[in-house]
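In order, the protein sequence lines correspond to chains A and B.
Heads up, the first sequence is in the working numbering, so the first residue is 1 and it goes up one at a time.
Heads up, the second sequence is in the working numbering, so the first residue is 1001 and it goes up one at a time.
In short, the hints are calculated from the structure, not lab data.
Hints may contain errors.
Beta-carbon label-pair distances, calculated as ranges [what the hints assert, rightly or not]:
#: 1; chain 1: B; residue 1: Arg1047; chain 2: A; residue 2: Ala238; range: 18 to 24 Å
#: 2; chain 1: A; residue 1: Ser85; chain 2: B; residue 2: Ile1174; range: 23 to 29 Å
#: 3; chain 1: B; residue 1: Lys1257; chain 2: A; residue 2: Ser155; range: 35 to 41 Å
#: 4; chain 1: B; residue 1: Val1119; chain 2: A; residue 2: Ala238; range: 41 to 47 Å
#: 5; chain 1: A; residue 1: Leu180; chain 2: B; residue 2: Asp1155; range: 42 to 48 Å
#: 6; chain 1: A; residue 1: Val66; chain 2: B; residue 2: Ser1039; range: 40 to 46 Å
#: 7; chain 1: A; residue 1: Val182; chain 2: B; residue 2: Ser1156; range: 17 to 23 Å
#: 8; chain 1: B; residue 1: Ala1007; chain 2: A; residue 2: Leu44; range: 36 to 42 Å
#: 9; chain 1: A; residue 1: Gly166; chain 2: B; residue 2: Lys1003; range: 23 to 29 Å
One-sided and incomplete, this derived list gives chain A residues near chain B with beta-carbon spacing under 10 Å [said to hold, decoys possible]:
#: 10; residue: Phe25
#: 11; residue: Ile103
#: 12; residue: Tyr125
#: 13; residue: Leu178
#: 14; residue: Phe221
#: 15; residue: Ala223
Which residues of chain A face chain B? A few of them, derived with a C-beta cut under 8 Å, are [to be verified]:
#: 16; residue: Arg5
#: 17; residue: Phe61
#: 18; residue: Val92
#: 19; residue: Met99
#: 20; residue: Ala111
Being a predicted model, the structure only gives us computed values, none of them experimental.
Ideal placement from N, C-alpha and C gives every residue a C-beta, glycine not left out.
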Amino acid sequence: MRFSRKLLGIPYAVFLIIFVVAPLFVLFFYAFTNGEGQFSFSNLTGFFSDPNTLGTLCYSFALAFVVTVVCLLLAYPTAYFLATSKLKAKGVIIMIFVMPMWINFSLRITALKEILTMIERNLAYYPFLNSVLGMTYDFLPFMILPIYNVIVKLSPDYGEAARDLGADSAGTFLQVTLPLSVPGILSGVSMVFLPAMTNYVVLDMLYNSTYIMGSLIGSYFSAYNWHGGSMIALILLAVICGFTLLTDSIGEGEVKRGGAML
Amino acid sequence: MRKFGLAFIIFVLLFLYVPILVLAFYSFTNASQIGSFQSFSFANYVRLFTTEELREMILGTVVLALASSVLATILGTLGAVGSFYSKSLVDRAYASVNQIPVINADVVTGFSLCILLVVVLGISKDTYLPLLFGHVTLSAPFVYLSVIPKLKQMDSSLYEAALDLGATPFKALIRVVFPQIFSGIVSGFMLAITLSLDDYFIATYTKPAMFDTISTYVVNATKGSHTEIKTALWALSTVIFLIVLVVVAVININANKDNKAMKQRRSY
Chain A
1 MRFSRKLLGI
11 PYAVFLIIFV
21 VAPLFVLFFY
31 AFTNGEGQFS
41 FSNLTGFFSD
51 PNTLGTLCYS
61 FALAFVVTVV
71 CLLLAYPTAY
81 FLATSKLKAK
91 GVIIMIFVMP
101 MWINFSLRIT
111 ALKEILTMIE
121 RNLAYYPFLN
131 SVLGMTYDFL
141 PFMILPIYNV
151 IVKLSPDYGE
161 AARDLGADSA
171 GTFLQVTLPL
181 SVPGILSGVS
191 MVFLPAMTNY
201 VVLDMLYNST
211 YIMGSLIGSY
221 FSAYNWHGGS
231 MIALILLAVI
241 CGFTLLTDSI
251 GEGEVKRGGA
261 ML
Chain B
1001 MRKFGLAFII
1011 FVLLFLYVPI
1021 LVLAFYSFTN
1031 ASQIGSFQSF
1041 SFANYVRLFT
1051 TEELREMILG
1061 TVVLALASSV
1071 LATILGTLGA
1081 VGSFYSKSLV
1091 DRAYASVNQI
1101 PVINADVVTG
1111 FSLCILLVVV
1121 LGISKDTYLP
1131 LLFGHVTLSA
1141 PFVYLSVIPK
1151 LKQMDSSLYE
1161 AALDLGATPF
1171 KALIRVVFPQ
1181 IFSGIVSGFM
1191 LAITLSLDDY
1201 FIATYTKPAM
1211 FDTISTYVVN
1221 ATKGSHTEIK
1231 TALWALSTVI
1241 FLIVLVVVAV
1251 ININANKDNK
1261 AMKQRRSY
C-alpha cells in the first residue's frame, strides 16, 4: 500500500472508537437495562420519582450556580484590572494566578481544609459555605485565565473611540469592554459550572455530607450498581450537552472548553 | 480606581496563596494541626522521603503520568496529522469525537471506561491497563487540540517543495512537517503530564485496589486520622509548590530571552 498521510490517523481513530464512543454506547445500554439484562425504564423513572435524587439534582444546580457567580465576581475584576493595568510584569502576575492549576488539587484542598478547620473548628456545621469556598478555591484560576486572555487582546482604540464619542468610563466599560469580553466569560463559566456539578471529591475532603450529582455516581459505583450509575452518568451527559449547546449559541461557537489550558 | 484594582488583585492572590503558604510554614514544624507549634523540625520531610508507602505512591504517580503522556502524545499527534490531511467530513468527525472527553465530566468518563473495560470486557484492574488507557483517554484529545493549530499555521507548499526535490512522502513528513509542529507536540505533552498528575476521578474508577496516585492517596489520607502521614503530606505539598515555582520561573526567564533575541534579530 502506498504511504498516505491520511492513514496516520487510523490508530487514533481506532482509539477514539474504543475508548470514547464505545463507553458511551455501553452507558446507554446499562442505563436502560435492569440487573437481568432486560430492557427497562426503571432507572429513568426511579431517578425522576425519588425525591432524594431529584433534590440532589436541584442542589447540584444551585451549588454550581452559586460557585460560578462567586468565581465570576472574583475573577472578572481581577482579570480586568490586571489586563488594563500599565504594569510591566502583567505576564508574570497572570502566571502567578495560573500556577495553582499545576499544584495537585488534593494538596491544595488539604491546605484549605486545615485553614478552615482552624477558623470554624467543626467543618460539618457549614456544609454549603465550605462547598462554595472549596470549589471556588479549586476552580478560580480556570475562570481568571480565559477572561484575562480576552480582555488583554482588546485594542485600547475601542475605549478611546467610545470616550471620543462621549461615553464616560462606566459607559465605556458597560457598552464596550463587557460585551467584548463575553467569549472569555462563557469559556470560564463552562470551565467552572460543569465541574461544580460533578466534582464531589472536593466536598468529600471537606467532611461534607451533602450530595451533588457526581456523588451519586460515586455511591452507585461503591455499591456495584452499574445500571443506576449509568443512568446518573447519562443524565449528567444530557446536562453537559445542553449546557454546551447553550454557551455555544450565546458565543456563536467561539467558546472552546479547554481553550484556556492551551 | 487604580488603587482599588490593585487591592482587589492582592486580595484574590492572598485567597489563593495563604492556605498553601501557611501549610508550607507548618510543614517545617512539629505541629499536628495548624494554629500552634512547639518547635521547628524537618521530621515531615524525612518521613516523606523515607516512608516506603509514600515513596511508592509518588513514584507510581510519576511513572503513570510519563507513560500515559507518551502514549497520548503519539496517538494525539498521529490523529491530528491524519485528520488534517483527510477530507473535511472525516476531519470534522475526528474533531467532534475528540471534543467528547474534553467537554465531558471526568466522573462520567471514568465511570463509563470502568463499565466498558472492567465490567463488560472483563479486563482486571490489576493489569493497570484500564488506568493507563483511562489517562490516555483523558489527555490525548488535548494533545490533538494543541497540534492542530500548528498544522493550520504551517506553509503547505514546503511539503510539496520537499516532494518536488525528491523526498519520499514519509521523509518529507519527518524532515519538513514534524519540525514545524514540534512546539505543539511539546505543549501537548506537558498538558498531558499535568492532566494525569491532577486526575482523581479516572484513577478512582480504574485503578488497582492496592495502587494509589497522589490524588487518591491524599483524599483517603484526609479521611483517616493518621497524623504522621497527614503532616508528611504537608511536606509533599510544599515540595510540589517549590517545583512548580521553579518550573514557572525557568519558563518565564526563557520566554524573556526569546523575546529579547527576537527583538535583536528584528533590529538587524
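Structure-based check of all given hints:
no.: 1; hint: B/Arg1047 to A/Ala238: 18 to 24 Å; in the structure: violated (47 Å)
no.: 2; hint: A/Ser85 to B/Ile1174: 23 to 29 Å; in the structure: violated (46 Å)
no.: 3; hint: B/Lys1257 to A/Ser155: 35 to 41 Å; in the structure: violated (28 Å)
no.: 4; hint: B/Val1119 to A/Ala238: 41 to 47 Å; in the structure: violated (22 Å)
no.: 5; hint: A/Leu180 to B/Asp1155: 42 to 48 Å; in the structure: violated (32 Å)
no.: 6; hint: A/Val66 to B/Ser1039: 40 to 46 Å; in the structure: holds (42 Å)
no.: 7; hint: A/Val182 to B/Ser1156: 17 to 23 Å; in the structure: violated (34 Å)
no.: 8; hint: B/Ala1007 to A/Leu44: 36 to 42 Å; in the structure: violated (51 Å)
no.: 9; hint: A/Gly166 to B/Lys1003: 23 to 29 Å; in the structure: holds (27 Å)
no.: 10; hint: Phe25; in the structure: holds (9 Å)
no.: 11; hint: Ile103; in the structure: holds (6 Å)
no.: 12; hint: Tyr125; in the structure: violated (18 Å)
no.: 13; hint: Leu178; in the structure: violated (16 Å)
no.: 14; hint: Phe221; in the structure: holds (6 Å)
no.: 15; hint: Ala223; in the structure: violated (13 Å)
no.: 16; hint: Arg5; in the structure: holds (4 Å)
no.: 17; hint: Phe61; in the structure: violated (14 Å)
no.: 18; hint: Val92; in the structure: holds (6 Å)
no.: 19; hint: Met99; in the structure: holds (6 Å)
no.: 20; hint: Ala111; in the structure: holds (4 Å)
Hints 1, 2, 3, 4, 5, 7, 8, 12, 13, 15 and 17 from the list above are not met by this structure, while the remaining hints are.
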